[in-house]
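Asks: Residue numbers (the working numbering), protein chains in the order written: chain A, 272 to 360; chain B, 79 to 496.
Because the hints were derived from the structure by calculation, they are not lab data. Small disclaimer: the values here were computed from a predicted structure and weren't measured.
Straight-line Cα separation of at most 25 angstroms, BS3-like style, residue types lysine-lysine; simulated pairs:
#1 A:K318 to B:K487
#2 A:K318 to B:K295
#3 A:K318 to B:K430
#4 A:K323 to B:K143
#5 B:K325 to B:K309
Cβ-Cβ distance ranges computed for the label pairs, FRET-style:
#6 B:R180 to A:V314: 33 to 43 angstroms
#7 B:G148 to A:D343: 14 to 24 angstroms
#8 A:N286 to B:Q183: 43 to 53 angstroms
#9 B:R211 to A:S306: 32 to 42 angstroms
Quick reminder that beta carbons are idealized off the backbone N, C-alpha and C, glycines included.
Residue strings, one per chain:
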Amino acid sequence: MLHIKCPHCGMRSQNEFSYGGDATIKRPELGKEISDQDWDNFVYNRKSLRGKHWELWQHLSGCRQWIKVQRDTATHEIFKTLKANEEIS
Amino acid sequence: MQKYSVFSLVKNALTNHENWDLAWKDPTPKKEYDVVIIGGGGHGLATAYYLAKEHNITNVAIIEKGWIGGGNVGRNTTIIRSNYMHDDNALFSEFGMDLWRRMSQDLNYNVMFSPRGIINLAHSDAQMNSYARRGNSMRLNGIDAVLLNREEVREIIPMADFSENVRFPIFGGLMQPSAGTARHDAVAWGYARQADDMGVDIIQNCEVIGFDVSAGKINGVRTSRGDIKAKKIGLCVAGSTNILAEKLNMTLPIETHLLQACVSEPVKPVLDKVVTFGAGHFYISQSDKGEMVMGGDLDGYNSYAQRGNLPTLQHVLTEGIAMMPFLSKLKMLRTWGGIMDMSMDGSPIIDKTHIEGLYLNCGWCYGGFKATPASGWTFAHTIAQDRVHELNAGYSLNRFNTGHLLDEKGLGTKTWIS
Chain A
272 MLHIKCPHCG
282 MRSQNEFSYG
292 GDATIKRPEL
302 GKEISDQDWD
312 NFVYNRKSLR
322 GKHWELWQHL
332 SGCRQWIKVQ
342 RDTATHEIFK
352 TLKANEEIS
Chain B
79 MQKYSVFSLV
89 KNALTNHENW
99 DLAWKDPTPK
109 KEYDVVIIGG
119 GGHGLATAYY
129 LAKEHNITNV
139 AIIEKGWIGG
149 GNVGRNTTII
159 RSNYMHDDNA
169 LFSEFGMDLW
179 RRMSQDLNYN
189 VMFSPRGIIN
199 LAHSDAQMNS
209 YARRGNSMRL
219 NGIDAVLLNR
229 EEVREIIPMA
239 DFSENVRFPI
249 FGGLMQPSAG
259 TARHDAVAWG
269 YARQADDMGV
279 DIIQNCEVIG
289 FDVSAGKING
299 VRTSRGDIKA
309 KKIGLCVAGS
319 TNILAEKLNM
329 TLPIETHLLQ
339 ACVSEPVKPV
349 LDKVVTFGAG
359 HFYISQSDKG
369 EMVMGGDLDG
379 YNSYAQRGNL
389 PTLQHVLTEG
399 IAMMPFLSKL
409 KMLRTWGGIM
419 DMSMDGSPII
429 DKTHIEGLYL
439 NCGWCYGGFK
449 ATPASGWTFA
459 HTIAQDRVHE
469 LNAGYSLNRF
479 NTGHLLDEKG
489 LGTKTWIS
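The following block holds chain A by itself, in its conformation from the complex (with noise of 0.2 angstroms):
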């Protein structure tokens, strides 16, 4: 089972998270002109790596806050957790 630390709450079991995807994948400007391509970057198209991966988790039976999670693909190693608001360095 993961253990992610919870940037509001500290550590807690996976039971209490539910998953939400690529946390580095960014809605297109409201307003601004975009192609085809990049409306279907943004809803579909996914890098999905193997290794290091940026993705968000909701800390449902919890605080209820979303969070970013920096976690190893292929090994579930967690390295980093942030806010929601906190950008990616």
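With chain A's structure known, arrange chain B on it following the hints.
Replies: Frame of chain A; chain B shown alone:
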């Protein structure tokens, strides 16, 4: 090649089984092939077989990082079905059912195809209505479908929970009598043996390191066992699709996720159908050895681990026990995981790409095993003729761009939304 038959069995028994031919060779890779298939799983082996058999292209190599049949073709729950509502999925899968019925004869290899039938349970009136609609769509496409009421289901699977006071009572079910199971390893080995006999080189322990692409054309592949030239290359690598796509600077509508399965200790014959739980995601059948073979949801987050996590297993088996309470008495014998190429709409991709000579076969989600023959057959056609067959026209890569999604159940990657 030695033909497998009762006579060859008797003959070899007389010499203590010491004179059987090797089922396939272990060749050194040549410098150049007409076609290179990457991935020695069910789909890759079937593709090579149909390239040789249907299109007379035998200067073909299959390159496999590990050993053939060691990926998802050896890790699935062996279910074969064509109970789809949408035409593209239904016609493709039913074409595959015909290939399954003939497979043991075609390959001279007993794949133990067992058309025992599949029942999808319904747990509400609304679900019965939606199954009636799906069953009617199936019948319009020539696929057998029977809508069962509660009593009819009880007669077939009396061990399911038919008590009155349960959270998800069984209202009925949709049955496809011609669906079933097969011996998964035999499928890989049968295709490998025939492909090898027709001249295909099966090259194991050979990892793809990179690709040789120039001016929008594929020229070859760089591997751990040297460079191999080829004008046509087909990708059949399931959960490793994203890793190879990155080497080609492609980003695909695919995420790699982990799916677990498990078997119980062997018990006497109790269940002669494949049964799925309709109020969640759980499926079960009984193997010829007597083990209950079970599976369900993805672990739910991107993973290349090839091993599962316990919360998902607990969730899946809770559904199983809700459906068939006797399962709680059984001991678990084995659990394992495989990495799935989850497409965004839950349907596969078999198509050409923007790189000339590079063909893509991926996105099989939960349904890769049953698609093995039809996938191999249509992918071989797509590679040999350099155009898609009408059977896989719906499985295009650009459907995500044009909006022609094949959203059969919405069981794509974004399971957290459902």
